[in-house]
Amino acid sequence: MREEGYKPAGGWKGCYGTEPFDLRLTVLRLVRNLPAAAVLTILSILLFGGGYYVKNVLLGGVRMYAATSFFRVEYAVDNVEDMMTVYINEMSWNTYLQSDLFLDMAGRYLGEGTDSRELADSLEAFVLSDLRVPSVRVTTDSAERTEAVIRAVEEAMTRDFPGEIEEIASVRVIDSGQAQEVIPDVRPGRAFLLSGVLGCFFAVTVLLLKETGDDSIWLPASVWKRYGIRCLGTMKSPGLEKELKEVFPEGGALCTVQAGQDPEAVLESLRRACPKAAGEGWYGVASPLEDEEAGRKLQGAAGVLLAVKAGAHAGKQLEYAAEYLEQRGCAPAAVVLWDADERLIRQYYFGRK
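Just so we're on the same page, this note's numbering is the position in the sequence shown counted from 1, plus 57.
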C-alpha cells in the first residue's frame, strides 16, 4: 500500500505523540484486550466483594441489641413565642447524655459497679422532627443489659433530669423501648456488583492509558504518520512485491530494527513473500542497536529497507535506527512490517476478521 503525499527518503522527522488520535485502532486494541480486562474485573470482585462478604457475613462480628425510648418534653416557658428560644436540639441532647451529671443519674438506677465510659458509649440521642419529642437509643452486646440501661435512662430522664435543667419543666415517656437484635445492613450483592463495576472501569482505564501512551507499531500507516517513512506493508500484503520492485529496482539491504532479530531469517521471509523483487542484490544487516558497524555496512547499498517487527515498544527502536542511519548518510528508503497481526490489520482497514 502506498501512502498519499509520500516524499523521497531523507530528512525524516519523527512526530510520535503529535499524530492524530486513532480511535479505530484504540477500540480494536481494547477489544483484543477484553480477556485481560475480564481477569482484572474478576480479581476485583474476588478481592473487594469477597473481602466484604467474609468480613460481614462469614465472620459476622458480635451480636448487638438496641432499644429506643421516646420522650415528651415540656419546656418551662410563659408563652409560645418564648418556646423556640429554649428548645434543645439533637446535639445538645447528646451533650447532656454524655455529661457526668446524667451518667451519674443513670448509674444510680443501674447499681454499683457501672462503668461510666461504657455507659456513655451505649447512649445516643435523636430528634427526628419535633424538638419536644427526643428519643434515646441504647445499644449493647446483651439483650438483658440493653433492657436494664434503657430502663435506667427512662428513670433518670423523667425523675432527675428535669430538676437539673431550668428550661425543662417535665419529661415523660411516650414510647418505652424494648431490646431487639440489631440486624446489620449487609448487602453482599451490591458489594460484588460495585466491585465488578469499579474493577472493570479501572481495567479499561489502565488499558486505554497503555494503548494511548505506548509507542507500539501495529499498522503500516503508523510508520508514515509518526516518522514520515514510507511503509510498503507487511510480509503478507498483496501488493508488497510491486511496491518493493518500485522502491528498490536494483535491490538493497534489509536492516532489522529490533536487537536480537536475525536479519538473514527476516530476509528469507521477504524472499518467500516477494521471490521476484527480493532475489539477487539483497543482503541483511543486523540492527544498529546491536551492530556498531551497521552504518558502514549499509553505506554502499542501493537502498535501505528497515524491517520492523510489529508490536509493543517498536516505535522508539525505529526512531533510533532511523536517526542513526540518517546521520551516516544511508537514510532508509522504506519500512516493512514483519510478524504483524494480519487479523488486526484486516479489521482496521476492511472491517472483517
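What the hints contain is simulated information worked out from the structure, not anything from laboratory work. For clarity, every value in this text was computed on a predicted model and none was experimentally measured. Don't take every hint at face value.
[As the list claims (entries may be wrong)] Mimicking DSS-like on lysine-lysine, the simulated pairs with C-alpha atoms at most 30 angstroms apart in a straight line are:
id: 1; residue 1: Lys299; residue 2: Lys282
id: 2; residue 1: Lys267; residue 2: Lys333
id: 3; residue 1: Lys299; residue 2: Lys333
id: 4; residue 1: Lys282; residue 2: Lys267
id: 5; residue 1: Lys267; residue 2: Lys373
id: 6; residue 1: Lys366; residue 2: Lys354
id: 7; residue 1: Lys299; residue 2: Lys366
id: 8; residue 1: Lys373; residue 2: Lys302
id: 9; residue 1: Lys366; residue 2: Lys267
id: 10; residue 1: Lys366; residue 2: Lys282
id: 11; residue 1: Lys366; residue 2: Lys302
id: 12; residue 1: Lys293; residue 2: Lys282
id: 13; residue 1: Lys267; residue 2: Lys299
id: 14; residue 1: Lys354; residue 2: Lys267
id: 15; residue 1: Lys302; residue 2: Lys267
Right, here's what the structure says about each hint:
For a cut-off of 30 angstroms, the pair hint linking Lys299 to Lys282 stands: about 22 angstroms separates their Cα positions. With a CA separation close to 40 angstroms, the supplied pair Lys267 and Lys333 exceeds the 30 angstroms bound. Proposed proximity of Lys299 and Lys333 is supported: the alpha carbons are some 9 angstroms apart, at most 30 angstroms. Taking the CA atoms of Lys282 and Lys267, the gap is near 19 angstroms; set against the 30 angstroms cutoff, the hint holds.
Taken as a hint, the Lys267 and Lys373 pair is honoured in the structure, with Cα atoms around 15 angstroms apart against an allowance of 30 angstroms. Proximity of Lys366 to Lys354 is assessed by CA-CA distance (about 21 angstroms); at most 30 angstroms being required, the pair is judged to hold. With a C-alpha separation of about 21 angstroms, the suggested pair Lys299 and Lys366 falls inside the 30 angstroms cut-off, and the hint holds. Among the hinted pairs, Lys373 with Lys302 is consistent with the structure: their alpha-carbon atoms are about 28 angstroms apart, no more than 30 angstroms.
Distance hint between Lys366 and Lys267 is fulfilled; the C-alpha atoms sit about 19 angstroms from each other, no more than 30 angstroms. Pair hint Lys366 plus Lys282 holds up; C-alpha atoms about 17 angstroms apart against a cutoff of 30 angstroms. Note on Lys366 and Lys302: the hinted pairing holds, with a Cα-Cα distance of about 21 angstroms set against a maximum of 30 angstroms. At most 30 angstroms may separate the alpha-carbon atoms for a hinted pair to count; Lys293 and Lys282 meet this at roughly 21 angstroms.
Using a Cα cut-off of 30 angstroms, the hinted pair Lys267 and Lys299 is violated, with the two alpha carbons roughly 36 angstroms apart. About 37 angstroms separates the Cα atoms of Lys354 and Lys267, which puts this hinted pair outside 30 angstroms; it is violated. At most 30 angstroms may separate the alpha-carbon atoms for a hinted pair to count; Lys302 and Lys267 exceed this at roughly 37 angstroms.
Hints 2, 13, 14, 15 from the earlier list are contradicted by this structure; the remaining hints agree with it.
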